[in-house]
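Novice: Listed below are the residues making up each chain.
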Amino acid sequence: MKRRYTIIVFTENNFGLLNRITIIFSRRRINIESLTVSETERKGVSRFTIVIDYDETKIQKLIQQIRKIIGVLVVFHNEDDQVFFGQIAYFKVITSSFEEREKVMEIAHRHQAKIAFSAGDYVVIEKTGKEEDISTTLHLLEPHGVVEYCKSGRIAIVKDQHRFSKYAKNMDPEGWYSDEEFHELPLNGKH
Amino acid sequence: MSIATENAQKIAVKGNTPKHDKTNKIVSGSEALILSLIEEGVDTIFGYPGGAIMPIYDALYHYRHVLNHTLVRHEQGATHAAEGYAQMAGKPGVCFATSGPGATNLITGIADAMLDSVPIVCITGQVPEKFLGTDAFQETDVMSLAMPITKWCYQVADADEIPYIVAKAFYIARSGRPGPVLIDITKCAQFNQLKKPFKYEKRRQIKGYKPACKPREKDISKAAELLNNAKRPFLFVGHGVLLSKAEKDLLAFIEKTDIPVASTLLGLSAFPTDHPNYVGMLGMHGNYAPNKLTNKADVIISVGMRFDDRVTGNLDTYAKQAKIIHVDIDHAEMGKNVTPTVPLIADAKEALQALLPVVNENKHESWHLEFKKLHDEEYEKVIKKDFQAEGEHIKMAEVIRRLSEKTDGEAVIVADVGQHQMSAARYSKFRRTDSWLTSGGLGTMGYALPSAFGAKMGAPDREVVAVIGDGCFQMTIQELGTIAQSGLPVKIIVLNNNFLGMVRQWQQLFFDNRYSFVELSNPDFITIAKGFGINGQRCTHTDDLDASLDTLLNSKEAYLLEIVVEKETNVFPMVPSGMGVDDIRLE
Ligand SMILES: Cc1ncc(C[n+]2csc(CCOP(=O)(O)OP(=O)(O)O)c2C)c(N)n1
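Going down the list, the sequences are from chains Y and V. Numbering that gives the first Met the number 0 puts the last residue of the first sequence at 190; the count rises by one with no breaks. Numbering that gives the first Met the number 0 puts the last residue of the second sequence at 586; the count rises by one with no breaks.
Honestly, the hints are just simulated from the structure, not real lab data. In this text, all values refer to a predicted model and were calculated from it rather than measured experimentally. For every residue, glycine included, the Cβ atom is placed at its ideal position computed from N, Cα and C. Watch out, some of these pointers could steer you wrong.
Said to hold, decoys possible - Below, a sample of chain Y positions facing chain V; criterion: calculated Cβ distance under 10 Å:
id, residue
1, K60
2, K67
3, V71
4, L72
5, N169
6, W175
7, Y176
With these hints in hand, go ahead and build the complete structure from the sequences.
Specialist: If you want it as structure tokens, here you go:
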């Protein structure tokens, strides 16, 4: 059965790693729902947050293949209940009259969105939250004339601190998992 | 002295590479590359020059007595030669090529090395950095091409990176599960002087890269328990046994446990074929007994193999009754195709050494009898018929049988891809390890001729015999020139059936005899060889078979023996694609 997975990959900050990671997906004809690459608090380490819908019997094989890439330091996957996650969206809404503007700001306010920017005849509304919240906001703003809309990929924080630090410690100095930890990494068909 | 004999002599005296005295000197990027290769113990390079790699070739000129460079006739030949060399010499093979077409010509061989876990290091020249991305003359984005088919690749634009990157490349290529790496070096990085004096340090680890780990005690005891209680245990040998040089450990393990042993295509020669426990080859054209009994075994221990689809056939019916102990160095192989009961992530040698003291001494006579019974059936229905040679009807299998007899199972057999490959795999006898090279994973036609040449470079003392189909031969036939120029006595057998035989077989069996573009009208191979300066003869009659094989084997120089074989013979047994291993057909 297909499930939604948030894959978190920590890598060295090298040329070509993005390419190397994405070909793992394209080769298997996996559609990437969203992809975010960012710097981390560790120097020279990047964080990839990749969201896919994928077969639960195959996800572990995919993770094992990503782990094999040289330059990948850590990789693990999470189901939605294992991470706190969100996205950010911007909506450019035309506000030709003062009343229009009042209405739009009112909607934004009710939905915990904020006015990020305003110009003479439009405002930019910023909304962070889950996929559904963002689409609700879009839905409500649409009648007022959304002329431009964009949404970021998902970013996610791992809820279980123990689970995260178990992986994260392998990013530290030179070297990697101990033999024991390496054996303990999940395998396809075994958890 | 001819170039050929000079080359042959140079190879004969190799070994004591003179040290260079450039440490702590300022050198150019090109020279740094050459020095780094020397530091890695490289003494052999296969390559082809061109514009973007000229500074490196210029540096090489000064070191031509230390680094023996062979000029191949096509870059694909360089990669396969490097593969053959790597496997026989036991260290990474090195290729040089220029940018653009030079680099793209490497691609097939790199993909081949990737699938068969062969350590090769490819160095490509690249246009100067300022031309990158401008569609400059002979600019190809080789990094993007190489990414999915290399274990690692890297583009160098700063000369100072060269020693560090070469060290990293060699470490990656040979450690863990070996594989190909590629270093692309811009022309400026080749020309420029290093800012820091040359210093070389071998790599021992890389952040985030875990090439190998020790077997875990808990897994070893679980595996031993399964094996000790098994009634019908079965062991599969893969290429990993050869890569980790675990042949002796395997032998000791088998002598103690008495488990029947089958080999994958790439595992051949890791275990002696005349050993009483050896039951044959697995897979699509493997032997009858091991395929059938895969689905009867209660415990399977696979060592250094990856349950490739050519081995397993239909996974849904594959070894469902068996508990599987999967020994592999590559974490990503665990559960990829077959879910193991005991995943034993370790180097084959270490795993076998750890298992040996904890497995019980055992006898499995009745289980062996089951293999014997099925073998006898295969013998009656297939093997006996394969060993026929009457008048002008020579069968491939009979050629291989006689070749094996004459070489006493001691030669290195390098097989190309097709029916002749399967015949060679099925009927070669191996008494010595590292005696079999072929393109297994990619099935690259044209592999054998350059690979045989590389193998001879890597193991000059061994008899190397290439077994090639008439189709395959014409894919890399130009490497006859390389062989002639080197003066090395590579022995070449072309099994000529005037067909792309393996494809014809499929068309006959699965496409209702529609022979769609598989017939070849061939050139006179002997005349071609002579044109390259290589002697040869054509054998068309059974009466001449022995004598012509003797001439081939006794020749002190490279020699081509073309044997005209039956046109439309099929290779059996066969597991039709998509079927289960026990659906294997004898006819
Ligand atoms: C480069 C490449 N192209 C096509 C194929 C598909 N193929 C596999 S075997 C084969 C026929 C090989 O013919 P030949 O060398 O005459 O050997 P035979 O099977 O007759 O022994 C072909 C075309 C391949 N494996 N590699």
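Novice: Work down the list of hints and note, for each, if the structure agrees.
Specialist: Right, here's what the structure says about each hint:
no., hint, in the structure
1, K60, "holds, 6 Å"
2, K67, "holds, 5 Å"
3, V71, "holds, 6 Å"
4, L72, "holds, 4 Å"
5, N169, "holds, 8 Å"
6, W175, "holds, 5 Å"
7, Y176, "holds, 6 Å"
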